[in-house]
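Q: Using the hints provided, position chain B relative to the given structure of chain A.
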Amino acid sequence: GDSVTQMEGPVTLSEEAFLTINCTYTATGYPSLFWYVQYPGEGLQLLLKATKADDKGSNKGFEATYRKETTSFHLEKGSVQVSDSAVYFCALTSSGGSYIPTFGRGTSLIVHP
Amino acid sequence: DGGITQSPKYLFRKEGQNVTLSCEQNLNHDAMYWYRQDPGQGLRLIYYSQIVNDFQKGDIAEGYSVSREKKESFPLTVTSAQKNPTAFYLCASSPLGGRNEQYFGPGTRLTVT
Numbered sequence: 003g004d005s006v007t008q009m010e011g012p013v014t015l016s017e018e019a020f021l022t023i024n025c026t027y028t029a030t031g032y033p034s035l036f037w038y039v040q041y042p043g044e045g046l047q048l049l050l051k052a053t054k055a056d057d058k059g060s061n062k063g064f065e066a067t068y069r070k071e072t073t074s075f076h077l078e079k080g081s082v083q084v085s086d087s088a089v090y091f092c093a094l095t096s097s098g099g100s101y102i103p104t105f106g107r108g109t110s111l112i113v114h115p
Numbered sequence: 014d015g016g017i018t019q020s021p022k023y024l025f026r027k028e029g030q031n032v033t034l035s036c037e038q039n040l041n042h043d044a045m046y047w048y049r050q051d052p053g054q055g056l057r058l059i060y061y062s063q064i065v066n067d068f069q070k071g072d073i074a075e076g077y078s079v080s081r082e083k084k085e086s087f088p089l090t091v092t093s094a095q096k097n098p099t100a101f102y103l104c105a106s107s108p109l110g111g112r113n114e115q116y117f118g119p120g121t122r123l124t125v126t
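Those protein sequences? They're chains A and B, same order as listed.
Going by the numbering used here, the first sequence opens with residue 3, and the numbers climb by one from there.
Going by the numbering used here, the second sequence opens with residue 14, and the numbers climb by one from there.
Don't read these hints as lab results, they were simulated from the structure.
Where hints are given, some of them may not hold.
Computed cross-link-like contacts, DSBU-like style, restricted to lysine-lysine with a CA-CA straight-line distance of at most 35 Å [as the list claims (entries may be wrong)]: (1) 83(B) - 54(A); (2) 58(A) - 84(B); (3) 54(A) - 27(B); (4) 84(B) - 62(A); (5) 83(B) - 22(B); (6) 70(B) - 54(A); (7) 70(A) - 70(B); (8) 79(A) - 22(B); (9) 58(A) - 70(B); (10) 62(A) - 22(B).
Just chain A, with the same shape it has in the complex (with noise of 0.2 Å):
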């Protein structure tokens, strides 16, 4: 079946540091690819989106691009700031099937001034 995979966190960084969340997926076919983000004590908000290889989504300085050959999405951003903050999710929806999404783990990133 479909797995979306990411990085263990917490990751920790300075404020203005470069970012990079880890994931990789498995699915049948052709899916669209997802970056979910969660504050606390809140729901998940789409965050950037990309439906198909080489694709790039962006949103507020992140960045993900749909890599078929590694099947990867790894979410970037250049510069963090503490209001970055947050719970990021990785998840994937198939181009058959049922069209329900999968969902990574979340991975929590925690940004100190």
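A: Same frame as chain A, but now just chain B:
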């Protein structure tokens, strides 16, 4: 403003009581979902529905029940059969189709003592 609402934000119940969590959306989405989130854990799918009057079990449906009598509403009942009901519950909705992201509500934190 279109969106998805959950109420209440916090809910307290005594062991042995059933409790119903509300989820409403005005996004005209066909699909709705319920997830459970435990501290430091990812999302686990409880139930989902892709059409009115039809719903499917997710990965952890035991001890829960749902109904989908209206497109806008997808309430979740946590029954006394659920062995460990204290958790954060998230409702989501989406259009049908694999390229579409999910929209999440703010969550309900249920505490059972």
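Q: All hints, please: hold or fail.
A: Each hint tested on the structure:
1. 83(B) - 54(A): holds, 34 Å
2. 58(A) - 84(B): holds, 33 Å
3. 54(A) - 27(B): violated, 48 Å
4. 84(B) - 62(A): Given pair residue 84(B), residue 62(A) holds - Cα atoms ~33 Å apart, limit 35 Å.
5. 83(B) - 22(B): Roughly 22 Å between the alpha carbons, so the hint for residue 83(B) and residue 22(B) holds.
6. 70(B) - 54(A): The given pair, whose Cα atoms are some 29 Å apart, holds under the 35 Å limit.
7. 70(A) - 70(B): Roughly 31 Å separates the two Cα atoms, so the pair holds.
8. 79(A) - 22(B): Roughly 32 Å separates the two Cα atoms, so the pair holds.
9. 58(A) - 70(B): holds, 34 Å
10. 62(A) - 22(B): OK: residue 62(A) and residue 22(B) at ~28 Å, within 35 Å.
Consistency with the previously given hints fails for number 3 only.
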